[in-house]
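Protein chains: 2
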Amino acid sequence: MTADDATGIIRKANPGAKPSRKNDPEGTRQDILEVATEEFASLGFSGGRVDAIAARTRTTKRMIYYYFGGKEELYLAVLEKVYGDIRAIENRLNLQDLEPETAIRALIDFTFDYQEQHEDFIRLVSIENIHRAEHMKKSKAIANLNITVIDTLARILERGRLAGVFKADIQPIDLHMMISAFCFFRVSNRHTFNLIFHQNLAADDTRSRHKRMIADAIVSLLKTEAVGG
Amino acid sequence: MTADDATGIIRKANPGAKPSRKNDPEGTRQDILEVATEEFASLGFSGGRVDAIAARTRTTKRMIYYYFGGKEELYLAVLEKVYGDIRAIENRLNLQDLEPETAIRALIDFTFDYQEQHEDFIRLVSIENIHRAEHMKKSKAIANLNITVIDTLARILERGRLAGVFKADIQPIDLHMMISAFCFFRVSNRHTFNLIFHQNLAADDTRSRHKRMIADAIVSLLKTEAVGG
DNA sequence: GAGGTTTTTATCCCGTTCGTCCATTACCTC
DNA sequence: GAGGTAATGGACGAACGGGATAAAAACCTC
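Chains as they are written, first to last, in this note's numbering: chain E, 1 to 229; chain C, 1 to 229.
Among the hints, erroneous ones may be present.
Chain C residues, not near chain E, derived (Cβ > 12 Å throughout) [to be verified]: (1) T59; (2) E99; (3) R155; (4) L162.
These stretches of chain C come out as covered by chain E in the derived footprint (C-beta under 8 Å, 3 or more residues) [to be verified]: (5) 178-187; (6) 212-218.
Capping the alpha-carbon separation at 25 Å, the derived lysine-lysine pairs in DSS-like fashion look like this [claimed, not checked]: (7) K211/C x K167/E; (8) K71/E x K61/E; (9) K211/C x K211/E; (10) K223/E x K167/C; (11) K138/C x K61/C; (12) K138/C x K71/C; (13) K167/E x K223/C; (14) K167/C x K167/E; (15) K211/E x K223/C; (16) K223/C x K223/E; (17) K223/E x K211/C; (18) K167/E x K223/E; (19) K211/E x K167/C.
No lab work stands behind these hints, which were simulated from the structure alone. Idealized CB from N, CA, C, for every residue including glycine.
Work the whole structure out from these sequences, hints included.
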């Protein structure tokens, strides 16, 4: 195996000579981060291998330590990236122009689709919970993330109550938890669930049925007067 | 450290002599299984250490291999035990004498409490999903488990529909998924959720509020006529 | 183009960890 | 109590895996 094969990239054509090196700090960093995301999401923190990550990048293991410091810091960087992504998108949601019920349904729709399409995110969150969020606790970036969903929900609920469509007294965070729980579980637990109940939670018809069911459950909860007790 | 200290158990008093050994195959097996449950639930399959398990049993690592064959088989035995436990309890539930709504609320109540009280189970299920249920797939014991919850739910739904209290057309498995999702998420994701939203999902008042909310959501879903679409 | 800094490559190191080997002790049967 | 089987203990091995070291190549600045 020649050096050419090992690196896989030669940017200048310099026949007969050693392949020249091209520095690309940001590219290298991103490359590592992307591969690490896959590795950790797929195998967990303990299961993920630094050597395996290095092997799939176009660079070497040394660069991981150079840019990130170590396995844990790399994992944390991955975590910060995926959390940053979802918050950024959430913050761009604009639901204030919609009718309360429509707004809630739109938010559920978004959450449902996002979670379904970002299995890596779901897996990383699950993994982090297995670790009792011990890594996340060290992250200032995640602690400082601007969470607007709760405010968004609070305003929708308030408008709904004023309009008389929402009668139940539900706290925004609780509502968010309920929506997340539904959407998250379908993805996070699909493997054991499918196996035990002979289902296919990834199937199209199941998906649309579930989406409707979840939205109906939330909406009917909000519309129903508390039973009291 | 003497041999006495190392084993921790001397069943016969034979002063001045080596402590005698007592064979206890079933006890040894159970001992290992219990410690392994804690270890794997706490640290995951990759994170769990065979040596650590052995150290906390009253026996040695050799016995793990003698009785279970290896790390993976031990982990599978743990999985089979906890799944067997919950199914056994579920199968003993008797909800057919209750009014449909009361029965549903009782089932939710049970599920909620069981999940909350069996964090090890929740964690092991999460862990197994991280592994895409690859270990569980190898288990005949789990595949052959008798799942009665779905039948129970089906009968409650049917009775509710006949009585005119339940109007929505919901499939038993979907309903079970929804209930599980709620109850599971609160426990499985509590660490990241608490951190991000500055909550305490383990607090008493949160717990009872959530239990009521979940039950209300399910019940109002079932009682509400489908919106159609 | 010289000097210093940043980025990169190649190789080595040592603690950890799963699993095994072999000898020994308890137990059961006749 | 003799002989065979089941259960147990303790130490050892070999591979793995995270991380470190040293040196070279590219890049930037003046």
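message = For a quick check of understanding: which of the numbered hints are violated here, in increasing order?
response = No hint contradicted; all consistent.
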